[in-house]
Amino acid sequence: MGQGWGPSPWSVQRRLSPLVPALAAALLAPTAAWAHADLHPGGGFVAGFLHPISGLDHLVAMVAVGLWGAVLGPPALWLLPLAFPPVMALGGLLALLGVPLPGVEVGIALSGLVMGLMVLFDLRPPLWFAALIVATFAVFHGHAHGAELPAGANALLYSLAFVIATGLLHLVGILLGEARRWPGGRALVRLAGAGVALVGLWFLVRALG
Amino acid sequence: MSGSDPTAMLWSPLGSLPLAHLVPTGLGPWGDGMARLVLQPLDLLLLVALVLLAVQSGRPWSDRLALVLPLSWLVGGLAGLGVGVELPLALPCTAIVTAVGVLVTLGPGLRLGERLCERLLLGGSAALPLLFGLVAGSSLAGHGGALPALLGEAVAIAVVTTLLLMALAPPHPRWLALGLRVVGSWIAASGLLMLGWLSRHPL
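As they're listed, the protein sequences go chains A and B. Okay, so the first sequence: first residue is 1 according to the working numbering, each after it adds one. Okay, so the second sequence: first residue is 1001 according to the working numbering, each after it adds one.
No lab work stands behind these hints: they were computed from the structure. Among the hints, a few may not be true.
[Stated by the list, open to error] Partner residues aside, some chain A positions facing chain B, computed with beta carbon under 7 Å: (1) S54; (2) P75; (3) W78; (4) L79; (5) L82; (6) P85; (7) A89; (8) L93; (9) A151; (10) L160; (11) G167; (12) L171.
[Claimed, not checked] Examples of chain A residues toward chain B, derived with CB under 7 Å: (13) G73; (14) P86; (15) G92; (16) L96; (17) V99; (18) L156; (19) S159; (20) V163.
Predicted model, so just to flag it, every value in this text is computed and none were measured. Positions of the beta carbon are idealized from the N, C-alpha and C atoms, including for glycine.
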């Protein structure tokens, strides 16, 4: 390893290697092809990627999942973002199968409010209870998204992009939550929790009003 | 196809029939086939899920995948070209991708016994790409330039499989092992949404 001489070329290669698939994917996606892809809201990767980002109620709730996971620490840190996408997709599947779910908008608004309050007050329930809360809200989010899944030609790209964007929002929340390690970071995280709760409250008032 | 040389039709770079299942890239059927892997990503999702499943189970097995996966997909694709009509298997194929994604999400904690696990993986990694190749080949059959498009996608599959296996070769640091499971959960979620979509909008 060359002690004292920094990382060996091998270890540098090992660190860089996860970038290789991303590079390959970028190279394999010819720009000419995108000109013909469905870029309108009816389908396609871009539309799917933008969908979770375009709604503030969804956006803050997705960030809050990661944020709360970071506050809870391992294993919740990775378990909540791991479980959220499939459970959310299950909710989407229910919507697409025509199974009704009452109070979807209220459930979505409550997700922001509840998870925001959890972060604000640094509440740490048992893992199973935290997972239950997140999974319940995931079904509401998924149901709303599933009902909006367009009848475009490229539904799989849309779904994939949509799920990736959701996962990246979790990651944003986790990174924000990791600020707790730094001086003043706890206050910042609690402030973020308060912001999420306020947005959730606003949407709850709108949903009930 | 009657009245014309089928071989010439398959190879024709400017075939008279449009490739309904290919997005025109301007790079000819070969390039269109390569782009198909990314733009109609069911095969890509299966590939990624199988690679992740293999690397989760250890290096000796994952090395074999670089050969088995593209070859079996190509064999299936060539057989699919001979079928002549598009096989309506989108729903089962999506269900398979979802199931493999779920297995990746559950991770190496799901122990079935090492030998059984290896045999299942070996069988699955040969049979599933064969099936997916068959479906892809059948969807291209009858179109001009189908064979180069199929070969283009097979090459793309081989390249992506090899690169992924190189990049993700075990042993993994803990964060990467978790990352693999997260990607598995994304694949499972996309598959579930697609299953719902297919049930609402049957192809």
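We went through each hint and held it up to the structure:
{"no.": "1", "hint": "S54", "result": "violated (17 Å)"}
{"no.": "2", "hint": "P75", "result": "violated (10 Å)"}
{"no.": "3", "hint": "W78", "result": "holds (5 Å)"}
{"no.": "4", "hint": "L79", "result": "violated (9 Å)"}
{"no.": "5", "hint": "L82", "result": "holds (5 Å)"}
{"no.": "6", "hint": "P85", "result": "holds (4 Å)"}
{"no.": "7", "hint": "A89", "result": "holds (4 Å)"}
{"no.": "8", "hint": "L93", "result": "holds (4 Å)"}
{"no.": "9", "hint": "A151", "result": "holds (5 Å)"}
{"no.": "10", "hint": "L160", "result": "holds (4 Å)"}
{"no.": "11", "hint": "G167", "result": "holds (6 Å)"}
{"no.": "12", "hint": "L171", "result": "violated (9 Å)"}
{"no.": "13", "hint": "G73", "result": "violated (14 Å)"}
{"no.": "14", "hint": "P86", "result": "holds (5 Å)"}
{"no.": "15", "hint": "G92", "result": "holds (5 Å)"}
{"no.": "16", "hint": "L96", "result": "holds (3 Å)"}
{"no.": "17", "hint": "V99", "result": "violated (10 Å)"}
{"no.": "18", "hint": "L156", "result": "holds (5 Å)"}
{"no.": "19", "hint": "S159", "result": "holds (4 Å)"}
{"no.": "20", "hint": "V163", "result": "holds (5 Å)"}
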